[in-house]
Amino acid sequence: MKAWKLLGLALVGYSLYAGLMFEVPKLIRLNETIRNLYFHVPMWFTMIVLLAGSLVYSLRFLRSGDLGSSVNMLRDRQAKIFAEVAMVFALLGLFTGMVWAKATWGAFWTADPKLNGTAVTLLIYAAYFVLRGSVEDPEKSARLAAVYNVFAFVMMIVFIGILPRMTDSLHPGNGGNPAFGNYDLDNGMRMVFYPAVIGWILIGWWIATLRVRIAQLQEQNFQNNFS
Amino acid sequence: MVRAKILAQFIRWEWTLEYRRSNGWFMPVLFAAMIGYLVNLLVRQPNPIQWLSLLWITLVFSSLQTAMRSFSASPSEWIYLNQLARPAELLIGKSITTALNTLFVAWTGVLLFGLWLGWPTPEGMDRFPFFTFMVSISFGVIGMSSTLGFTAALSSKLSRNTGVMAILSLPLLLPTLLVALRTSKLALLGEPLSILYPNWLSELALSVLPIALGLLLFPYLWRS
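Here the protein sequences line up with chains H and B, keeping their order. Final position of the first sequence in my numbering is 246; the numbers increase by one with none missing. Final position of the second sequence in my numbering is 483; the numbers increase by one with none missing.
Treat the hints as calculated values from the structure; they're not laboratory data. Remember, it's a predicted structure, so these values are computed and weren't measured experimentally. Some hints could be false.
What the hints assert, rightly or not - Anything over 12 Å on all C-beta distances counts as not near chain B; from chain H, calculated:
#1 Val68
#2 Val107
#3 Ala126
#4 Trp128
#5 Phe172
#6 Ile179
#7 Gln237
#8 Asn243
As the list claims (entries may be wrong) - Below, a list of computed lysine-lysine pairs in the DSS-like style, where the Cα atoms sit at most 27 Å apart:
#9 H:Lys133 with H:Lys121
#10 H:Lys45 with H:Lys121
#11 H:Lys45 with H:Lys133
#12 B:Lys416 with H:Lys159
#13 H:Lys133 with B:Lys416
Said to hold, decoys possible - Listed next, the stretches of chain B that the computed footprint assigns to chain H, with coverage defined by at least 3 CB atoms under 8 Å from CB atoms of chain H:
#14 311–324
#15 443–452
Virtual Cβ for every residue (Gly too), placed ideally from N, Cα, C.
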C-alpha cells in the first residue's frame, strides 16, 4: 500500500476523532453544528478535485492520436468513474449540508445560489451519464462524452464559482456573509479542517482508482471468457 | 483560420435554404405563438415579475425548438459543407444563423406576449421601457443560442437525439438564463443604463464563452 493511501486513512481517522471530540468555538445558533464544517466542506473539495481529474482524463483522451486504442479507452473509463465517484461525494455534501441547513436556517432546502449550483452540477453530470448511455458504439460514446465533459465542467465552474457572488445568499462566504475563515475558524479548528480536506481528497481519489481497477478486471474477465 | 468570405457565403447559403424550407422556420415561430397563447389562456393578468418569468419559460422552449434543427442536415449535405468550409467556419456560421433564427423567434414571442397579455408597467412608472427591455432579452437569447448551438451539434451525432438534447442543454442554460432573467427584470423596473451596461456585458460574456469552448472542441466532435 502506497504512502499517500495510508496518509489519507490517517488524516480522515484523525479528523473523525478530532472533529467530534476537540474544543470548538461557542457561537450563537451554530452551537455544536459548527463541527459539520469538518465533514460538509471536505465533500465539496473532494468533488471538485475528482471532477478536475475526470476533466484531465477527458482532455488526454481527446488529445490522443489514436482514439480507439485500449490505452485511450482506459482514459475514457477513468473519466467516467471519476465523475461517478465525484457525484457520490456531491450527494454526501448535499445531505450533510441539508442537515446543517435544517439546524441553522430552519429548512432542508432554500432557494440559495449554492444549492442551485449543487442542483445544476448534479443535473449536468446526470446528463453526462445519460449521454454515455445513449450511444451504442463505445468509441463514439467516449468521444462525445469527453467533449461534453470539457464543455460542462467549464460551464459548471462559471455557475458555481461566479454567479452566487452576484446574488444574495445565506451561505457563509456569499452575498456579504463572511466565510468561517474570517473570524471564527480559530487555529484549533484549522488543525482539524485542513487535514480533513486533504484526507478526504486522498480517500476519494483512492476509491476512484480502485473502481477503475475493478472495471478493468471485469473487462479482462469478459474478454477472456467470451472472445 | 476563419475566412470571412467563406463565412459570409455559408451564412447566405444557410439563409436561402432556411427561406426555401418555410416549414423550417415557421414551426418554432408557431411553437412560440402557441405557448404564448396557452399562457394567455391559463394565466389571466399576471403581475410584472410573473409576466417576465412566463416569457422566459416560453423563450427557453422556443429557443430549444429552433436550435434543435440547426444541425439537422442530411449526411450528403454535411459532406458538401465539409468540403466548402473548415470546422471553425462551420461552427461560427451555424452559431450566427442559429442566433439570428432564435432572435427572430424570440422577438415574435415577445411581441405576441405583449399583444395578448399586455405590456406590464411596474408601479411608479408611466410606460413600458421597450428599448432597454428588448436589448436585455436579445442578449440573453443570443447567450442561450450559443450554448444550444453547441449541444445541437453534439446531439446531431446521436441517433435518438430529441430527448437527449433537452436533457443536455437545460442544466447548461441555467447560468445564462439566470443572468438574462435578472437583467431583463432590471430593465423592466426601469433601471438607468449605468446599471444595465454591466449586466449586458455579462450577458455578452456568457454568449462568447460557449462559442470559444465550442471552437476548441468542435474538431474532436467532427472527427469521425
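We went through each hint and held it up to the structure:
no. : hint                   : verdict
1   : Val68                  : 21 Å, holds
2   : Val107                 : 19 Å, holds
3   : Ala126                 : 21 Å, holds
4   : Trp128                 : 17 Å, holds
5   : Phe172                 : 10 Å, violated
6   : Ile179                 : 9 Å, violated
7   : Gln237                 : 26 Å, holds
8   : Asn243                 : 31 Å, holds
9   : H:Lys133 with H:Lys121 : 15 Å, holds
10  : H:Lys45 with H:Lys121  : 19 Å, holds
11  : H:Lys45 with H:Lys133  : 25 Å, holds
12  : B:Lys416 with H:Lys159 : 9 Å, holds
13  : H:Lys133 with B:Lys416 : 33 Å, violated
14  : 311–324                : violated (count 0)
15  : 443–452                : violated (count 0)
Comparing the model with each numbered hint stated earlier shows that hints 5, 6, 13, 14 and 15 do not hold.
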